[in-house]
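Student: Which chain is which? The protein sequence lines are X and U, in order.
The working numbering numbers the first residue of the first sequence as 1 and each following residue consecutively.
The working numbering numbers the first residue of the second sequence as 1 and each following residue consecutively.
Quick caveat, the hints were computed from the structure, so don't treat them as lab data.
Treat the hints with caution; some may be incorrect.
Claimed, not checked - Computed list of lysine-lysine pairs in DSSO-like fashion (alpha-carbon distance at most 30 Å, straight line): (1) X/K321 - X/K47; (2) X/K260 - X/K272; (3) U/K45 - X/K272; (4) X/K304 - U/K45; (5) U/K11 - U/K89; (6) U/K89 - X/K304; (7) U/K86 - X/K272; (8) X/K102 - X/K245; (9) X/K304 - U/K86; (10) X/K304 - X/K260; (11) U/K86 - X/K321; (12) X/K272 - U/K11.
What the hints assert, rightly or not - Partner residues are not named here, just some residues of chain U that face chain X (Cβ under 10 Å, in silico): (13) K54; (14) V62; (15) A64; (16) T77; (17) N80; (18) D81; (19) L82; (20) N91.
Even for Gly, the Cβ is constructed at its ideal location relative to N, Cα and C.
The chain contents come next:
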Amino acid sequence: MVDFGGWDMPVQYTGIVDEHNTVRTAVGLFDVSHMGEIEIRGPEALKLVDYVSTNAASRLAVGQAHYSGLLYEHGGFVDDILVHKVAADSYFLCVNASNQEKDFEHIRAHNKFDCEVDFASPRYAQIAIQGPKALEVLSRLTSIDLAAIRYYWFVDGFVSGFNVRVARTGYTGEDGFEIYVTPGQAVNLWGQLIEAGAPFGIKPCGLGARNTLRLEAAMSLYGHEIGASITPFDAGLGWIVKMDKGDFIGRDALVKQKEKGRTRALAGFEMKGRGIARDGYEVFPDGFNAGWVTSGSPAPTLGKNIGLCFLPADRAKVGEKIGILIRNQTVEAEIAPTPFYRRPK
Amino acid sequence: MNYPEKYRYTKEHEWVALEDGIATIGITHHAQSELGDIVYVDLPKPGASVEKGKTFGSVESVKAVSDIYAPVGGEVTEANDLLATKPEKLNEDPHGAAWLIRVRASNPEEFPHLMDAAEYQTYVGAES
Numbered sequence: 001m002v003d004f005g006g007w008d009m010p011v012q013y014t015g016i017v018d019e020h021n022t023v024r025t026a027v028g029l030f031d032v033s034h035m036g037e038i039e040i041r042g043p044e045a046l047k048l049v050d051y052v053s054t055n056a057a058s059r060l061a062v063g064q065a066h067y068s069g070l071l072y073e074h075g076g077f078v079d080d081i082l083v084h085k086v087a088a089d090s091y092f093l094c095v096n097a098s099n100q101e102k103d104f105e106h107i108r109a110h111n112k113f114d115c116e117v118d119f120a121s122p123r124y125a126q127i128a129i130q131g132p133k134a135l136e137v138l139s140r141l142t143s144i145d146l147a148a149i150r151y152y153w154f155v156d157g158f159v160s161g162f163n164v165r166v167a168r169t170g171y172t173g174e175d176g177f178e179i180y181v182t183p184g185q186a187v188n189l190w191g192q193l194i195e196a197g198a199p200f201g202i203k204p205c206g207l208g209a210r211n212t213l214r215l216e217a218a219m220s221l222y223g224h225e226i227g228a229s230i231t232p233f234d235a236g237l238g239w240i241v242k243m244d245k246g247d248f249i250g251r252d253a254l255v256k257q258k259e260k261g262r263t264r265a266l267a268g269f270e271m272k273g274r275g276i277a278r279d280g281y282e283v284f285p286d287g288f289n290a291g292w293v294t295s296g297s298p299a300p301t302l303g304k305n306i307g308l309c310f311l312p313a314d315r316a317k318v319g320e321k322i323g324i325l326i327r328n329q330t331v332e333a334e335i336a337p338t339p340f341y342r343r344p345k
Numbered sequence: 001m002n003y004p005e006k007y008r009y010t011k012e013h014e015w016v017a018l019e020d021g022i023a024t025i026g027i028t029h030h031a032q033s034e035l036g037d038i039v040y041v042d043l044p045k046p047g048a049s050v051e052k053g054k055t056f057g058s059v060e061s062v063k064a065v066s067d068i069y070a071p072v073g074g075e076v077t078e079a080n081d082l083l084a085t086k087p088e089k090l091n092e093d094p095h096g097a098a099w100l101i102r103v104r105a106s107n108p109e110e111f112p113h114l115m116d117a118a119e120y121q122t123y124v125g126a127e128s
């Protein structure tokens, strides 16, 4: 168990590689109850969500979700979040555990639309079921038509008789669902999912596998690829910024960055020499220190050592050779296309 | 877990076995279990000298890299080649086939001052 933002969380149950492979080939279960939830309600809820986040909430239909960013005025990230449109006047945000109080205060401080901003984390536990067999396992416990839920859509309904929210989202690069449930029912639901998944080889999975899975899928992790000094453009997340939607916090800074062009960019790399680049290691594009590793790990599905790093924008090109300082030795790596892993259709 | 009686143990989770002045050094079952899937083992070459309490190599798992500290000092006589090609053996047999290095101990009298198996077992707790 490790302390993770005040939560006691398992890094691994049966082993990171075993859990990772189970999610890629069958199905894995993650207790992600540490994630935070914030609810925004009121006639002008859309206006507040659109003002504090980068993506265009106006484009969401009821029952649809999207990835978005909360920014500071200077364009850096407060957090990266999922926005779910529950009703025309009600939005449900899933935010990072370690940022939830900060996010809540940030949204409340900018609530000039007289919305109800509700710190809802204590009312939700979250279980993620991920992998090619996730749908089959979950369907044994619910009459919800899971196949009809499209990627990044959600429904409220019953699983094992519990009233839950089921979203077809995830952080692994596989198909799967994230289930929001009342904390008092979470342990029971977890047990039922483990039981229903037994014929499919379901395994509980920890933070370690969650990290290797998301890294292969090149998904950002707050505190690594994104943070207060990093803008969405830096992090290659321009697609979650809708400049044409009207004013939002951070927009002015992003307009300026767009005019000047970005100086640095996030890029994926594969190790060519022996070694694993870990987060914080220095990157040498031309023998000079001009970047840093944000995440690095062996990629169990690919059988390679991979990572993400920041580089001067003109060097972040696929095929570019870089050096990474690993315990006083410069080891060769090469910029690679991301995501490193894409699930078979 | 049964920790071999004839070994001695450190707080950094290395074990050492002494025979005819040659110390065989490894990491404990507890250490490999905490590290998880081991993917690289970096060891010194024969002829290198290691200093008691100083790091002489590293073990890298999927999640992290950890230094290994020498329980006794001396000259390295052998490094375990098996681990260069099969680092995962360290997860499977840390007290046996996956020893790390052998050292001609410069001060064999240091050996009894390390923890014995019972003390180490208490140190890591009953669950390990």
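Student: If a hint holds in the structure, say so; if it doesn't, say that too.
Tutor: Now for the hints, and whether the structure bears them out:
no. : hint            : result
1   : X/K321 - X/K47  : 45 Å, violated
2   : X/K260 - X/K272 : 34 Å, violated
3   : U/K45 - X/K272  : 23 Å, holds
4   : X/K304 - U/K45  : 26 Å, holds
5   : U/K11 - U/K89   : 22 Å, holds
6   : U/K89 - X/K304  : 19 Å, holds
7   : U/K86 - X/K272  : 19 Å, holds
8   : X/K102 - X/K245 : 25 Å, holds
9   : X/K304 - U/K86  : 16 Å, holds
10  : X/K304 - X/K260 : 36 Å, violated
11  : U/K86 - X/K321  : 29 Å, holds
12  : X/K272 - U/K11  : 36 Å, violated
13  : K54             : 15 Å, violated
14  : V62             : 5 Å, holds
15  : A64             : 8 Å, holds
16  : T77             : 25 Å, violated
17  : N80             : 17 Å, violated
18  : D81             : 16 Å, violated
19  : L82             : 17 Å, violated
20  : N91             : 8 Å, holds
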